[in-house]
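Chains as they are written, first to last, in my numbering: chain S, 292 to 653; chain F, 292 to 653; chain L, 292 to 653; chain E, 292 to 653.
To be clear, the hints were calculated from the coordinates, so they are not data collected in a lab.
Think of the CB as a built atom: it goes at the ideal place given N, C-alpha and C, for glycine as much as any other residue.
Just so you know, not all the hints are guaranteed correct.
As the list claims (entries may be wrong) - Output of the computed footprint for chain E on chain F, the stretches with three or more beta carbons under 8 angstroms from beta carbons of chain E:
#1 306 to 315
#2 519 to 529
Said to hold, decoys possible - Sample of chain L residues at the chain S side, in silico, Cβ under 7 angstroms:
#3 Pro-312
#4 Asn-346
#5 Trp-513
To be verified - Simulated DEER-style distance windows between Cβ atoms:
#6 S:Lys-525 / E:Asp-512: 54 to 64 angstroms
#7 F:Gly-402 / E:Arg-375: 46 to 56 angstroms
#8 F:Leu-601 / S:Gly-344: 16 to 26 angstroms
#9 F:Ala-419 / E:Gly-570: 29 to 39 angstroms
#10 F:Gly-366 / E:Ser-328: 28 to 38 angstroms
#11 E:Glu-641 / S:Asp-575: 29 to 39 angstroms
Number of protein chains: 4
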Amino acid sequence: MSPSGNVRLRSRAVRFDTRGPSDVAGLEAAFESGALSPASVVCLIGKTEGNGGRNDFTRELAVRAFSQVFERRLGLTAAEVEERIVLSFSGGTEGVVTPHVVAFAVEPDPGSAPTGPRLALGVGMTRAFEAHEIGRMAQVDETARAITEVATRCGITEVHLVQMKGAITAASYEETLRAERAGRPLRNNMVWSRAASALGAAVATGEVARSALADDVICQDWSLYSTTASCSAKPGLERTELVVFGQSAAWGGELVIDHTVLSDVLDAPAIDALMARLGVVAGDPRLVAAFAKSEADPRGVLRGHRHTMLTDDDISDTRYSRCVVAAVLASRLGDPRVYVSTRAEHHGPEGGAPVALVVRAT
Amino acid sequence: MSPSGNVRLRSRAVRFDTRGPSDVAGLEAAFESGALSPASVVCLIGKTEGNGGRNDFTRELAVRAFSQVFERRLGLTAAEVEERIVLSFSGGTEGVVTPHVVAFAVEPDPGSAPTGPRLALGVGMTRAFEAHEIGRMAQVDETARAITEVATRCGITEVHLVQMKGAITAASYEETLRAERAGRPLRNNMVWSRAASALGAAVATGEVARSALADDVICQDWSLYSTTASCSAKPGLERTELVVFGQSAAWGGELVIDHTVLSDVLDAPAIDALMARLGVVAGDPRLVAAFAKSEADPRGVLRGHRHTMLTDDDISDTRYSRCVVAAVLASRLGDPRVYVSTRAEHHGPEGGAPVALVVRAT
Amino acid sequence: MSPSGNVRLRSRAVRFDTRGPSDVAGLEAAFESGALSPASVVCLIGKTEGNGGRNDFTRELAVRAFSQVFERRLGLTAAEVEERIVLSFSGGTEGVVTPHVVAFAVEPDPGSAPTGPRLALGVGMTRAFEAHEIGRMAQVDETARAITEVATRCGITEVHLVQMKGAITAASYEETLRAERAGRPLRNNMVWSRAASALGAAVATGEVARSALADDVICQDWSLYSTTASCSAKPGLERTELVVFGQSAAWGGELVIDHTVLSDVLDAPAIDALMARLGVVAGDPRLVAAFAKSEADPRGVLRGHRHTMLTDDDISDTRYSRCVVAAVLASRLGDPRVYVSTRAEHHGPEGGAPVALVVRAT
Amino acid sequence: MSPSGNVRLRSRAVRFDTRGPSDVAGLEAAFESGALSPASVVCLIGKTEGNGGRNDFTRELAVRAFSQVFERRLGLTAAEVEERIVLSFSGGTEGVVTPHVVAFAVEPDPGSAPTGPRLALGVGMTRAFEAHEIGRMAQVDETARAITEVATRCGITEVHLVQMKGAITAASYEETLRAERAGRPLRNNMVWSRAASALGAAVATGEVARSALADDVICQDWSLYSTTASCSAKPGLERTELVVFGQSAAWGGELVIDHTVLSDVLDAPAIDALMARLGVVAGDPRLVAAFAKSEADPRGVLRGHRHTMLTDDDISDTRYSRCVVAAVLASRLGDPRVYVSTRAEHHGPEGGAPVALVVRAT
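Kindly produce the complete structure, drawing on both the sequences and the hints.
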């Protein structure tokens with residue numbers, strides 16, 4: 292998908308709204324119009340109107356519907372599509388968010404003149420993890436290795452976004468008990484997998500020194516974090532699946548990417564500065580995709596004042612924090628098509644979150 | 292409370308956070324420190340951490356708790372406190388909002404030199420409405436009259452915020468049936484009362500010409516609206532209770548007020564412009580209070596793209612829209628102590644909403 | 292599917308739990324074991340773990356997943372499966388309900404000896420309705436006609452359950468306006484379609500005299516109702532799709548069906564009496580399927596005492612009423628595999644609901 | 292309140308519905324009619340229409356409103372009322388439950404002839420617990436001691452219900468850390484306090500042998516449980532407050548009490564057997580109060596089939612389990628005035644729950 296050698300590559304992206312989780316019309320239209328070719332699609336990243344929790348079946352519905360498009364157009368089985376294309380759907384379009392999908396494709400670049408650094412992306416996989424490795428340095432190191440491998444393969448010199456589906460290897464009851472008795476209780480849950488994945492990204496990009504990390508530092512020292520990670524963890528997955536987005540001078544096309552990190556969910560100035568760097572204004576048609584993480588500050592306080600997201604037993608704090616970050620981001624971009632997913636352990640500082648924008652170069 | 296004659300008045304305001312709906316410690320502290328005198332308090336406007344709906348009992352708890360403070364300090368009964376001081380609590384602190392209260396007081400101004408226009412406020416009441424008047428021109432006209440009366444009494448030359456508890460006179464089943472048969476079905480519910488109250492404010496301020504209005508225009512022509520109204524309606528209330536906030540050259544003190552209207556819930560630039568006019572920046576300690584209305588655009592679309600607030604059967608659109616406007620407003624102000632209440636018929640354009648800020652003058 | 296002529300038919304049913312809306316393993320197992328033949332399946336009726344509201348996508352996911360089973364096994368397109376097999380999924384497994392599916396099949400009866408009345412079922416369709424017919428006598432009459440046709444075709448002499456997907460024909464804005472001006476506002480929404488469908492069943496079974504009905508009686512006189520209807524209405528559907536379950540002396544097999552109606556949601560004695568008539572006890576392995584409707588009493592009162600299902604703005608009354616009826620029904624049956632769907636206009640008395648049980652004959 | 296010596300006592304109870312958490316009209320009416328005397332009231336146990344969670348302020352509102360009644364009628368301060376009368380409100384009236392209160396009073400019995408065992412009740416307190424004692428045998432033992440003391444004082448020979456507000460002593464961060472390092476992490480949270488309180492009741496009543504218990508058995512061996520406990524735990528409370536309800540041959544009056552335990556939430560037969568023992572039928576006017584605990588089976592399974600209460604991220608399992616047990620109980624009693632509170636560690640078997648009924652003797 293990201294051939295090495297002398298073929299110059301370029302990325303393309305098409306963003307389309309959906310009328311429901313299974314609405315593939317926008318993708319079909321992109322294929323019909325020639326804006327995208329089915330064979331060049333590398334990944335789909337989309338928001339669906341579910342609750343983002345355990346009983347959110349909108350993601351499964353979307354995967355099923357979009358997979359069928361590729362099955363039919365490429366003559367593949369569902370398993371083959373899964374192998375070939377990352378279908379990454381995140382539930383939760385609280386507040387202003389328009390359910391939408393961004394399809395990314397990689398193809399040979401017909402252009403020859405170098406254009407300056409351009410968006411480059413590639414897909415990778417970690418090795419399979421054993422249950423006792425999840426949430427520990429083994430996961431951090433292997434995640435860093437896999438990211439570096441993709442970045443190197445794609446000629447990415449600056450990483451801006453690492454979209455990950457984090458592994459959570461299942462364990463037997465006996466294994467769980469044994470680990471507990473050995474004083475090294477298993478960490479194979481979503482919190483730990485997201486945390487270790489983010490630190491893996493931080494090591495790969497050099498934001499955190501490998502030497503500063505240890506098993507005991509994970510989920511303890513929140514001053515260590517990545518500003519490019521975006522990880523959701525998935526029980527039962529043994530290998531972390533990842534897409535690295537960055538810039539490469541060797542790629543063509545018209546897309547560029549940059550990122551920032553919010554110090555807290557009200558940090559609009561960080562968004563403004565990022566937009567200024569990219570030269571985009573509110574409502575700018577050059578904007579192609581916006582990605583962010585969100586977290587209700589676990590300390591229960593924002594700018595020195597109490598918030599109630601964590602003490603509300605009617606509505607989950609995950610829904611509130613997505614709603615907040617999406618509203619702040621969309622109000623700066625003048626565009627409600629923003630991707631915000633929640634839970635952000637070691638993704639930016641405590642209560643903060645990474646944001647990445649993909650835009651068409653001027 | 293707003294004596295005419297030669298005594299120059301000034302307004303004061305104290306804002307304090309609460310740890311729960313019945314937490315009166317902030318108010319007590321303001322009295323203890325001398326920042327406020329119990330006898331000069333005119334109204335309390337606060338946000339409580341309820342759902343803002345029918346089964347939100349946080350408002351009643353807050354009213355009960357704060358009333359008791361005044362009962363004890365002023366030697367009054369609960370009924371006398373209710374007569375004397377407007378206790379206006381709104382449920383719903385979704386997302387970033389800090390539960391908080393702003394207490395406004397009016398007192399003689401010891402200063403003598405004119406200071407330029409200052410915040411002036413006064414309380415008023417409409418006459419009692421009959422059920423068939425609610426939501427019709429009778430309510431519009433009487434509301435306009437009551438607002439004008441307060442503004443005149445207080446020397447307010449520019450109105451910036453009209454906080455109203457709108458009347459919804461109860462009707463017997465027979466009266467309801469009779470009205471229906473007469474082809475003039477009763478409108479005595481929250482939607483119509485808010486709408487007529489807002490149009491009353493629009494007439495009082497001259498934003499809408501009286502001649503443009505008629506019974507059939509209410510809740511029909513959304514191009515007619517107030518930019519200063521903030522009305523909640525309350526079943527069983529026969530008279531609309533209102534507090535008019537504006538500016539007067541005849542008042543002293545250090546507070547000023549200004550307002551704007553959002554064209555939609557993402558309209559951060561309108562907030563920025565208002566802040567610029569008032570000379571406040573993000574995180575500015577001069578900010579004393581921020582008030583807004585919110586509404587999930589009833590057309591289901593925002594900037595041309597679908598939103599899902601109206602088709603979510605798990606969480607009410609009222610909660611989403613408050614969360615969104617509060618996040619946008621707080622992200623510009625750098626302050627999560629914002630008052631946002633929902634449902635905004637004829638309060639700004641469809642899908643938009645009024646915003647008012649009270650700040651300390653430089 | 293229900294051949295006439297001299298071939299004696301029998302019905303079969305297989306009930307299986309699901310681990311999620313797309314879990315087809317139980318159906319596949321029934322096919323593998325020979326308990327059912329794919330070609331003989333007439334309908335699937337199932338509960339999925341969604342919210343049962345507008346943003347419940349579990350039904351679509353289930354339909355998609357189960358359709359694919361038949362597509363593959365019978366070599367059909369999705370459209371052909373839809374034409375051939377009723378896939379009826381209802382969201383909402385609040386409280387004790389196990390997400391589960393009942394597959395009904397009709398096949399030639401190898402047995403020859405008459406066995407006494409047995410479960411007979413058949414599928415039917417009304418003609419397409421125009422928008423102005425929905426919720427009026429045109430819908431009632433055509434629904435009654437279609438039910439009668441199926442019952443006659445299947446030799447059903449007593450109807451016990453009419454499972455319907457009620458039509459809601461879409462209308463243009465102009466048509467809507469025209470109807471309003473003509474003083475006959477359109478009724479093309481879910482409430483009216485369910486109401487007219489239920490009254491259609493009541494007419495077909497003779498529970499309500501046709502002469503007692505008129506457009507103005509629908510959704511007005513709640514003393515008129517069906518005890519066998521179970522209708523969900525679906526916007527955009529122009530023809531009502533229905534499955535009639537009853538008993539016929541001409542059918543074989545081992546299944547029988549009977550029904551009752553709850554006078555209110557606490558009416559456990561009605562369930563006990565129905566169980567006694569069928570000779571089933573709590574936990575009886577002879578029980579094959581249990582179907583019920585539910586409704587939070589719209590008067591806000593139950594046995595003379597207030598309930599809070601209608602004034603709760605956090606959780607919909609539809610979720611509460613399903614939870615309640617399912618708990619009461621499951622506690623009598625000793626079995627949490629119960630199908631309860633909500634909203635019950637003219638389905639039993641106000642605040643009550645029909646219940647039907649399918650059991651294996653002794 | 293429960294004088295020893297030769298004065299024969301009797302209990303009285305009045306049950307009344309409320310129109311909201313602060314509706315004291317039913318209590319006032321009981322005082323006006325002479326059904327109760329304010330000075331003889333020992334405790335109020337009520338259900339309010341909140342969510343039963345952290346942001347449920349209906350309990351505080353009810354306590355405040357009912358306390359004021361006693362303050363006024365008895366000339367006491369709020370603190371004195373709190374000292375004298377147990378005001379026990381539980382949030383959550385999901386489904387059929389009518390918000391209601393039962394007021395229990397104890398007074399000299401004017402009757403002289405012995406009547407057979409009658410309801411006797413008394414209030415008690417444990418000593419203050421240190422944080423490290425919560426959830427351990429120290430709490431179990433002291434709770435058992437306090438219950439025994441009350442039972443002895445009141446001449447209770449069979450205990451049927453122990454209503455407890457369980458202590459959760461606060462701890463400093465240092466204390467917490469020290470305990471963790473010592474390998475005895477603090478258990479000062481709601482789960483552990485409820486568990487230890489229930490086991491205290493089990494020891495007091497002899498249902499569980501003291502010798503079968505140890506720190507490590509708590510929250511581990513679910514086969515050990517009380518059938519009379521009903522404990523809610525309250526952070527910050529240092530002493531467990533408890534009301535023991537039982538029968539005594541030395542008491543007069545017309546009330547009797549009995550209890551049972553549900554093996555799971557569908558165990559209607561246990562309720563039927565209890566009703567038979569007490570001679571009450573559905574809708575019986577002799578019924579005075581019904582109390583139960585509830586729990587969504589933590590194993591995710593009910594009668595061998597999956598339930599979805601624990602995997603729903605929209606609605607808490609506490610709300611579902613209360614809704615279910617209340618529906619089952621009310622459907623047997625023919626009465627929606629049932630008190631069900633949730634979370635039932637060591638309160639009956641796993642997934643089951645205690646039920647107690649108070650009725651007027653025949």
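Interface restraint verdict for Pro-312 of chain L against chain S (beta-carbon cut-off 7 angstroms): holds, 5 angstroms
Lys-525 of chain S versus Asp-512 of chain E beta-carbon gap, inside 54 to 64 angstroms or not: violated, 34 angstroms
Hint check for Gly-570 of chain E and Ala-419 of chain F - Cβ pair distance inside 29 to 39 angstroms: Distance hint for Ala-419 of chain F, Gly-570 of chain E is violated at roughly 55 angstroms.
Verdict on chain E covering the segment 306 to 315 of chain F, criterion of 3 CB contacts below 8 angstroms: Held - the segment 306 to 315 of chain F has 3 residues with a Cβ nearer than 8 angstroms to chain E, which meets the minimum of three.
Residue hint Asn-346 of chain L, partner chain S, criterion CB-CB below 7 angstroms: At 6 angstroms from the nearest chain S Cβ, Asn-346 of chain L passes the 7 angstroms test, so the hint holds.
Distance restraint hint 28 to 38 angstroms, applied to the beta-carbon atoms of Gly-366 of chain F and Ser-328 of chain E: Holds: the Cβ-Cβ distance is about 31 angstroms, inside 28 to 38 angstroms.
Hint check: 7 angstroms Cβ-Cβ cutoff, Trp-513 of chain L to chain S: Interface hint status for Trp-513 of chain L: violated (33 angstroms vs cutoff 7 angstroms).
Pairwise beta carbon distance, Glu-641 of chain E to Asp-575 of chain S, judged against the given window 29 to 39 angstroms: violated, 58 angstroms
Beta-carbon spacing of Gly-402 of chain F to Arg-375 of chain E - inside the hinted bounds 46 to 56 angstroms or not: holds, 53 angstroms
Pairwise beta carbon distance, Leu-601 of chain F to Gly-344 of chain S, judged against the given window 16 to 26 angstroms: Since the Cβ atoms of Leu-601 of chain F and Gly-344 of chain S sit about 21 angstroms apart, the hinted range of 16 to 26 angstroms holds.
8 angstroms C-beta test of the segment 519 to 529 of chain F against chain E, three or more residues: violated (count 0)
In summary, the numbered hints that this structure violates are 2, 5, 6, 9, 11.
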